[in-house]
Amino acid sequence: MNRYPLWKYVIVAFALLTGFIYTLPNFFGESPAVQVSSGKATIKTDLKTLERVEMALKGASVDTNGLFLDTNGVKVRLKDTDTQLKARDILEKQFNPDASDPQYVVALNLLSSSPQWLTNLHALPMYLGLDLRGGVHFLLQVDMKGAVTKRLDSLSADLRSLMRDKTIRHGGINREGERIVIRFRDTDTRIKARNILEDNQPDLLLTEQGEGTDLRLLATLKPTALKKIQELAVKQNMGTLHNRINELGVAEPVITQQGADRIVVQLPGVQDTAKAKDILGRTATLEIRMVDDTPGALEAAIAGQAPFGAEMYVERGGQPLLVKKQVVLTGDRLTDAQAGFDNQSQEPAVHLTLDSAGARIFKEITRENVGKRMAILLIEKGKGEVVTAPVIRTEIGGGRVQISGRMSTMEANDTALLLRAGSLAAPMEIIEERTIGPSLGAENIAKGFHSTLWGFAAISLFMIGYYMMFGLVSVLALASNLLFLIALLSLLQATLTLPGIAAIALALGMAIDSNVLINERIREELRNGASPQAAIYTGYDRAFGTILDSNITTLIAGIALLVFGSGPVRGFAVVHCLGILTSLFSAVVVSRALVNLIYGRRRKLESVAIGQIWKPGNTPTSSVN
Amino acid sequence: MEFFRIHKDIPFMRHALVFNVISLITFLLAVFFLAHRGLHFSVEFTGGTLIEVNYSQAADLEKIREGLTKSGYTDIAVQNFGSSRDVMIRLPLKEEQNSAKIGESVMAALDTAAPGATLRRVEFVGPQVGKELAENGSMALLLVIVGIVLYLAMRFEWRFSVSAIIANLHDIVIILGFFAFFQWEFSLSVLAAVLAVLGYSVNESVVVFDRVRETFKKVRGLTTPQVLDHAITSTISRTIITHGCTQLMVLSMLIFGGETLHYFALALTIGICFGIYSSVLVASPLVMWLGVSREHFIKPKKQIEGANDEGAVV
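Sequence lines, in order, name chains C and D.
Under my numbering, read the first sequence as residues 1 to 625, first letter to last.
Under my numbering, read the second sequence as residues 1001 to 1314, first letter to last.
Among these hints, one or two may not hold up.
What the hints assert, rightly or not - Below, computed lysine-lysine pairings styled on DSS-like, alpha-carbon distance capped at 27 Å:
(1) Lys1070/D x Lys277/C
(2) Lys150/C x Lys58/C
(3) Lys1131/D x Lys235/C
(4) Lys75/C x Lys145/C
(5) Lys1070/D x Lys145/C
(6) Lys325/C x Lys363/C
(7) Lys1217/D x Lys277/C
(8) Lys75/C x Lys93/C
(9) Lys166/C x Lys222/C
(10) Lys363/C x Lys166/C
(11) Lys75/C x Lys48/C
(12) Lys235/C x Lys277/C
(13) Lys1070/D x Lys227/C
(14) Lys79/C x Lys93/C
(15) Lys58/C x Lys86/C
Said to hold, decoys possible - Far from chain D, by Cβ distances over 12 Å, these chain C residues were calculated:
(16) Gly146
(17) Ala306
(18) Val328
Said to hold, decoys possible - A few chain D residues facing chain C, derived, Cβ under 8 Å:
(19) Gln1057
(20) Leu1061
(21) Glu1123
(22) Gly1126
(23) Val1144
(24) Ile1166
(25) Leu1169
(26) Val1173
(27) Ser1189
(28) Val1207
(29) Ile1241
(30) Leu1248
(31) Gly1258
Don't read these hints as lab results, they were simulated from the structure.
Ideal Cβ positions, reconstructed from N, Cα and C, are used throughout, including at glycine.
With the rest of the complex left out, here is chain C:
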């Protein structure tokens, strides 16, 4: 009765093997590396960059332990930190000849040194949280009111020009708080205006107010429109943050949305919080200017004599471009930028939407400059970069602008992103900050590791001493629990934090409960005179119900923590819940498999090694073989 069919052993063996493989990468440690990634959305890292890195390092005779390209950029593995620093300097010089205008991010990084075949199996080490590796954590709150106000301001400008176009006389359009108020003198005009607004502005909810000659039309944003604005605001702010953080030279920045209006920024390894905050809080602006194509002017500018009122810029392709200093339009007038396709040619294109004032200016400019080129520039820190410089084909009215021609889909996407990300959609505020020094991180790892190690050792010693063979089985089951837990965390690429390590330790301390329950039950059955085989069978059988109940109640607490916890508590909760699940498997299935393997095949089992069984009234009899 204490035999498992072969398939059960196979499942246990398979689970153990899988657990082992996915735990393995955590033991190889990390080796120093240098990462080269794009510092600007207009620059891509590709195979050419890889070659360039290789050549540069070879030229300076720096030995590498291999280099490769991934989505983040080119990564170079190096043998020690000295070579790492040397390689960083070389690459910095090579890729950013002008230190004041960095094109690439050259950052120090750590790469897992686990062998390639493990990486191919997607067996990756756990990601260490900031409290273990050091760095900065910011929680930013996006000011949604600001985003809505901004949108309402540009909407009221739109409404004004709409009224003008349709020649409707109104007594003023103003934004008052979160609504736009339009005044009218008579009811007819108001009805007319209302119809027009309903046709043209589907985002607005209109209500009438006032009597006599003081008639008002109140326009508020519909909830769906409001939600869309807020979603876009968060997305755009995240895009902007991404661009800015690139300049910090952080190897693996984490920028994620949290809740409806919050953004988490984690910068591992960054110690200079002042600079980080400075960069996060900076504003970038978008400018549209005309290209100066006076014959001979460009040549003169290249020679160092730019004509009065013009500046030299470099286009994305690398060609020089002479741009007039006079600004035609600024980014405030841009309400949206989306990548898409040209309706006729099906070429990739970027669609821009301008607000009404912007549309009017744009219409005039394009009418006067058909056949000429305009440049769209992104100005950051007082330095401009040409995003794109299209030729004006016709007069463009209505505020919908399409930029197309010789663009790949990816380029169109990048341009749209860059145009959107030029400025923050809404103001942001840092509402939480955590800075952890690198030495503290290393200490935290050691503390967490030692706690778990010594706790585990103490439990093992006690269990084996008290329950003999069954204690050993319990310890092995507990070890397999640890294995599964770490494998699962690595597989999920969960972020390990110090509370997470504490949760691992606690999970082990609590998981032993199941084995104690089983062992005590078996002892009790033996005490009541059951045969060893029967005692094992009933022991496991009866203990299971209790184990299930007690684990589910613990799981309820874990899930509550997971749902309502944030930050460190969440890390704790994830491990806590996973630990309960793995402990169910290891304490019941794995330990049973081991016991069956040891005792199940023996027909005449006289006694089992579960420590001394004491029976009331009798002299103690030892049942150790």
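Given chain C's structure and the hints, the job is docking chain D onto it.
What follows is chain D alone, placed relative to chain C:
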């Protein structure tokens, strides 16, 4: 080796009243301290700034305090933690200041007053975050209570679920009482520990209840207190061993885990000790007072007309 050589069931229930009175007193004391002293919440809850710096030699706290006061900071708390070289500075939340910049300006003030400090950790929490955490914490607690009550009511009986949750809330209040009495810092990780204890300690009651149910079903002719005594006695060895093992782990955290895990481990230690006590000596008497009996577990057999006492018919 066997630690527990128990000849016959220990009459726990005979002293039930005494234990309940003790519990009530400890509970009331805990409530008193909570109300009187309140919890010493960490910056995570209250909002504010916490800065940890490290000096290469023993730090002069007076100088640091003076320097910071000169720079215009009021209500600051400067204290050593861990060693004399580690200093923790706490600043309350202020409306008028740009709170996000406090970290840097404090470091600048330290540089002039007591140079040589290296920054170890900065934690700044805005007011809205703290409030939210407190709300979420209470929601989590509520969810745990409701979830456990429902599950136990479904698996056992409402009397069990009510006594289990009362016993365990009593644990929680006592842990909080300890934190209030000693003014230990109540941080997010302590909250996590408290909630983990809630789950863990219910687990303890479940094991006892499971045995109670089994005894009711299997053994006839025992009074309710006898059944409870039997159930507790037969699980006592498991209770002590399990909690001993968990405590070994927690002890290891207490010794090796350092400052960050200190209060977490402390909360767990108190939770474990009171968890044993409450499930054995609070939950079980409560079940008894609530009037649990054999009938609650035996499904009534269909009475066949004319059958004798044992239900036999021919």
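Outcome of the hint check:
1. Using a Cα cut-off of 27 Å, the hinted pair Lys1070/D and Lys277/C holds, with the two alpha carbons roughly 25 Å apart.
2. Note on Lys150/C and Lys58/C: the hinted pairing is violated, with a Cα-Cα distance of about 53 Å set against a maximum of 27 Å.
3. A C-alpha spacing of about 26 Å is found between Lys1131/D and Lys235/C, which places the hinted pair at or below 27 Å, so the restraint holds.
4. Restraint check for Lys75/C and Lys145/C: not satisfied, since their Cα atoms lie roughly 42 Å apart, outside the 27 Å limit.
5. The hinted pair formed by Lys1070/D and Lys145/C fails the criterion: a straight-line CA distance of about 38 Å is larger than 27 Å.
6. For the suggested pair Lys325/C and Lys363/C, the alpha carbons sit about 20 Å apart, so the restraint of at most 27 Å is met.
7. Taking the CA atoms of Lys1217/D and Lys277/C, the gap is near 67 Å; set against the 27 Å cutoff, the hint is violated.
8. Taking the CA atoms of Lys75/C and Lys93/C, the gap is about 17 Å. The hint holds against a cut of 27 Å.
9. A hinted pair counts as satisfied when its Cα atoms are at most 27 Å apart, and Lys166/C with Lys222/C qualifies at roughly 24 Å.
10. Distance hint between Lys363/C and Lys166/C is fulfilled; the C-alpha atoms sit about 18 Å from each other, no more than 27 Å.
11. At roughly 13 Å between alpha-carbon atoms, Lys75/C and Lys48/C fall within 27 Å of each other, so this suggested pair holds.
12. For the suggested pair Lys235/C and Lys277/C, the alpha carbons sit about 19 Å apart, so the restraint of at most 27 Å is met.
13. At most 27 Å may separate the alpha-carbon atoms for a hinted pair to count; Lys1070/D and Lys227/C exceed this at roughly 47 Å.
14. Of the supplied pair hints, the one linking Lys79/C and Lys93/C holds, its CA atoms being roughly 21 Å apart against a limit of 27 Å.
15. Distance hint between Lys58/C and Lys86/C is fulfilled; the C-alpha atoms sit about 13 Å from each other, no more than 27 Å.
16. In this structure Gly146/C is separated from chain D by more than 12 Å, as the shortest Cβ-Cβ distance comes to about 16 Å.
17. Ala306/C, annotated as away from the interface, keeps every beta carbon of chain D farther than 12 Å; the closest lies near 40 Å.
18. Remark: the non-interface label on Val328/C is consistent with the geometry, its nearest Cβ contact in chain D lying 36 Å away (cut-off 12 Å).
19. A least Cβ separation of about 17 Å between Gln1057/D and chain C goes past the 8 Å threshold, and the interface hint is therefore violated.
20. Of the supplied interface hints, the one on Leu1061/D is violated, with its beta-carbon coming no nearer than about 20 Å to a beta-carbon of chain C, more than 8 Å.
21. About 5 Å separates the beta-carbon of Glu1123/D from the nearest beta-carbon of chain C, less than 8 Å, and the hint is met.
22. Among the interface hints, the one on Gly1126/D holds; its C-beta lies about 3 Å from the nearest C-beta in chain C, closer than the 8 Å criterion.
23. Because the smallest distance between the Cβ of Val1144/D and any Cβ of chain C comes to about 4 Å, under 8 Å, the interface hint for this residue holds.
24. Annotation: interface hint on Ile1166/D violated; nearest CB of chain C at approximately 15 Å, more than 8 Å.
25. For Leu1169/D, the suggested interface contact is broken, since its CB lies about 13 Å from the closest CB of chain C, more than 8 Å.
26. For Val1173/D, the shortest C-beta to C-beta distance to chain C is roughly 16 Å, which exceeds 8 Å, and the interface hint is violated.
27. The beta carbon of Ser1189/D is positioned within 8 Å of a beta carbon in chain C (closest approach about 5 Å), and the interface hint is therefore held.
28. A least Cβ separation of about 5 Å between Val1207/D and chain C falls short of the 8 Å threshold, and the interface hint therefore holds.
29. The closest approach between the C-beta of Ile1241/D and any C-beta of chain C is roughly 5 Å, which is under the 8 Å cut-off, so the hint is satisfied.
30. About 4 Å separates the beta-carbon of Leu1248/D from the nearest beta-carbon of chain C, less than 8 Å, and the hint is met.
31. Annotation: Gly1258/D was flagged as interfacial toward chain C, and the flag holds, the nearest CB pair being 4 Å apart, inside 8 Å.
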